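Those protein sequences? They're chains E and Y, same order as listed. Start counting the first sequence at 1; every next residue gets the next number (our numbering). Start counting the second sequence at 1; every next residue gets the next number (our numbering).
No distinction is drawn between identical chains; accordingly, a pair holds when it is met within one copy or between any pair of copies.
Derived PhoX-like pairs (lysine-lysine); straight-line CA-CA distance at most 25 angstroms:
(1) Lys159 with Lys48
(2) Lys48 with Lys228
(3) Lys228 with Lys159
The hints are simulated quantities; they were obtained by calculation from the structure and are not laboratory data. Bear in mind that the values here come from a model prediction, so they are computed numbers and not experimental data.
2 protein chains.
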Amino acid sequence: MTTPGSQQSAAPAAVAGERAIIGRISERLPRPSPPLIVGLGDDGAVVKPERGALQVLTTDALVEGVHFDRRYSSLEDIGYRAMAVNVSDLAAMGAAPRLALWSLMLPEWVTAADVDRLADGAGQMAREAGLALAGGNLTRTPGPLVVDVTLLGAVRPRKFLTRSGGRPGDHVYVSGSVGAAAAGLSWLRSRATAAGAEPDDEGLASCVRRYRRPVPRTRLGALLGRTKAARACMDLSDGLADAARQVAAASGTGIVIDAARLPLDPAAAVWFAERGMDALDASVGAGDDYELLFVIPPKGSRRLEGVRRLLRGLPLTRIGELTRATDMVLIRDGRPGLLPSGFSHF
Amino acid sequence: MTTPGSQQSAAPAAVAGERAIIGRISERLPRPSPPLIVGLGDDGAVVKPERGALQVLTTDALVEGVHFDRRYSSLEDIGYRAMAVNVSDLAAMGAAPRLALWSLMLPEWVTAADVDRLADGAGQMAREAGLALAGGNLTRTPGPLVVDVTLLGAVRPRKFLTRSGGRPGDHVYVSGSVGAAAAGLSWLRSRATAAGAEPDDEGLASCVRRYRRPVPRTRLGALLGRTKAARACMDLSDGLADAARQVAAASGTGIVIDAARLPLDPAAAVWFAERGMDALDASVGAGDDYELLFVIPPKGSRRLEGVRRLLRGLPLTRIGELTRATDMVLIRDGRPGLLPSGFSHF
Numbered sequence: 001m002t003t004p005g006s007q008q009s010a011a012p013a014a015v016a017g018e019r020a021i022i023g024r025i026s027e028r029l030p031r032p033s034p035p036l037i038v039g040l041g042d043d044g045a046v047v048k049p050e051r052g053a054l055q056v057l058t059t060d061a062l063v064e065g066v067h068f069d070r071r072y073s074s075l076e077d078i079g080y081r082a083m084a085v086n087v088s089d090l091a092a093m094g095a096a097p098r099l100a101l102w103s104l105m106l107p108e109w110v111t112a113a114d115v116d117r118l119a120d121g122a123g124q125m126a127r128e129a130g131l132a133l134a135g136g137n138l139t140r141t142p143g144p145l146v147v148d149v150t151l152l153g154a155v156r157p158r159k160f161l162t163r164s165g166g167r168p169g170d171h172v173y174v175s176g177s178v179g180a181a182a183a184g185l186s187w188l189r190s191r192a193t194a195a196g197a198e199p200d201d202e203g204l205a206s207c208v209r210r211y212r213r214p215v216p217r218t219r220l221g222a223l224l225g226r227t228k229a230a231r232a233c234m235d236l237s238d239g240l241a242d243a244a245r246q247v248a249a250a251s252g253t254g255i256v257i258d259a260a261r262l263p264l265d266p267a268a269a270v271w272f273a274e275r276g277m278d279a280l281d282a283s284v285g286a287g288d289d290y291e292l293l294f295v296i297p298p299k300g301s302r303r304l305e306g307v308r309r310l311l312r313g314l315p316l317t318r319i320g321e322l323t324r325a326t327d328m329v330l331i332r333d334g335r336p337g338l339l340p341s342g343f344s345h346f
Numbered sequence: 001m002t003t004p005g006s007q008q009s010a011a012p013a014a015v016a017g018e019r020a021i022i023g024r025i026s027e028r029l030p031r032p033s034p035p036l037i038v039g040l041g042d043d044g045a046v047v048k049p050e051r052g053a054l055q056v057l058t059t060d061a062l063v064e065g066v067h068f069d070r071r072y073s074s075l076e077d078i079g080y081r082a083m084a085v086n087v088s089d090l091a092a093m094g095a096a097p098r099l100a101l102w103s104l105m106l107p108e109w110v111t112a113a114d115v116d117r118l119a120d121g122a123g124q125m126a127r128e129a130g131l132a133l134a135g136g137n138l139t140r141t142p143g144p145l146v147v148d149v150t151l152l153g154a155v156r157p158r159k160f161l162t163r164s165g166g167r168p169g170d171h172v173y174v175s176g177s178v179g180a181a182a183a184g185l186s187w188l189r190s191r192a193t194a195a196g197a198e199p200d201d202e203g204l205a206s207c208v209r210r211y212r213r214p215v216p217r218t219r220l221g222a223l224l225g226r227t228k229a230a231r232a233c234m235d236l237s238d239g240l241a242d243a244a245r246q247v248a249a250a251s252g253t254g255i256v257i258d259a260a261r262l263p264l265d266p267a268a269a270v271w272f273a274e275r276g277m278d279a280l281d282a283s284v285g286a287g288d289d290y291e292l293l294f295v296i297p298p299k300g301s302r303r304l305e306g307v308r309r310l311l312r313g314l315p316l317t318r319i320g321e322l323t324r325a326t327d328m329v330l331i332r333d334g335r336p337g338l339l340p341s342g343f344s345h346f
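From just these sequences and the hints, can you work out the full model?
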């Protein structure tokens, strides 16, 4: 939690000391829960593991200029999203969020009020997800703002989900809708707008909110794991096409996705169509939706109905099937073609 | 473990896909130990907590241009050091290293061979420390290379160390010697030398190695915690003056350090003296030593002797005392003065 120090240059004038910053952050995040024995301010956090539970660890960074743009998202949004994308990874494993470690890399321009905004947004997601801040690290950077988050989650033995449990014949489902975040980002880019701006159209405004503040499907993931309804699961952080490919590859199967069944967000579909863009391509290739893709055995529909009833309205749409042949197929207009490769970071 | 993707620009040409990079990294790090149920390649790592143990979580980032300079350290050194500084945080808590999460932010210039070098160095430290790689995250960055590491360690209940357990009258100790890393860095700066270069003088060469590849005091930390010899402990990542201040502040005491007792590295003392620099100032204010500062009760010297015997030669030097008055004092040439404020990141 301490930062090794050498080769130091001038410090950001507006930020008043690591201790003060940590204090401001911790005020804005939920109080540590009982399993945390030592929290912020020591070399490490000391945690008492939950009796009988397994732990899930995940880490994901948001880098300015790669994962966010301050013209499109406020610092509150960025703090919120940095937590949310990690909560989504836990959701995909069926795990409940418990503790967060924050590693912040702060450029010169960051003021104390900016740190407050990041922490306010992170605090909102943390409260929604039931997360407490266990610790972290602060460092200056000559580069872009980075919010790197590590989460610790909990799950019962044999109740967690991986990408690799699918079998040929399993049905492929996706939660919610796809394409909304991509449409929201597309709208923001078309305006190069101020961070607070929103479209007049309510459907499109909802897309912008989905982009800025993704909603991790924590409850769905936990239910799919606990009830053993799903055999494999992954979130759509890198897009639906990527998730479909990853789950099939990890399960040693192929996959067929039927484009006609995809639950495209209606406002997103209109937005892309009006711009002469292919809504399907724009939606399956783009990341940021943070829905879950999961597979259930052919005879598993009763368990899934049980999960569906508990979700109170979140759509779960069957979009395809795992196959013995290891091809990755997208059926469009009745014709099979290659499932696009999702977004690649490298 | 997946990276949220949007606002992407061109990808580094020389690096061949996230999956391939993860494969190269995992080849170079120790195999996961039994408590790891799901490792690399899923949304999160699934860990079975050790029966009856508490867990310690710590995170620390190395940022190019802030914490390292590629003119002074090879990529192997940087990978090694990124692990070592985190292992040192666990050592300061008395915890044994178990699992690592790696979050890498890779600029355009990074090649696949560069990633191999980072992983080779990290792998060396991981093997020395008994760490396995549980997961991580890769992302491109328009900024500097960042190696952000999160470690999970294990410690028995009531056997861990914090900064806050000291009481007035406790004796303050430091392990090993101080100033070596600062002298090593000073030598490297004086040469602006190639990453592999080393001084002819063996003492100074040892200082350079201490800077490039710090040796975390894992065994000392574990013994101090297990035997309850120490009441409080912290590593010297931000320098001796900083550690002394932090332990005293967290313990609600003052501290008096006697400069005459400080175990200055002899080669470092000569190096600084020859340059007309004050060796004491250069050594107590500089980070990177990664020794441990700890306090023992006045009647605790027998327990400490037991620890000392098990360490086979690592010096443990009494350098001062915690006080009821909350002043932070450094005695030089018999005169009390203010203990310097240590390195500040902001």
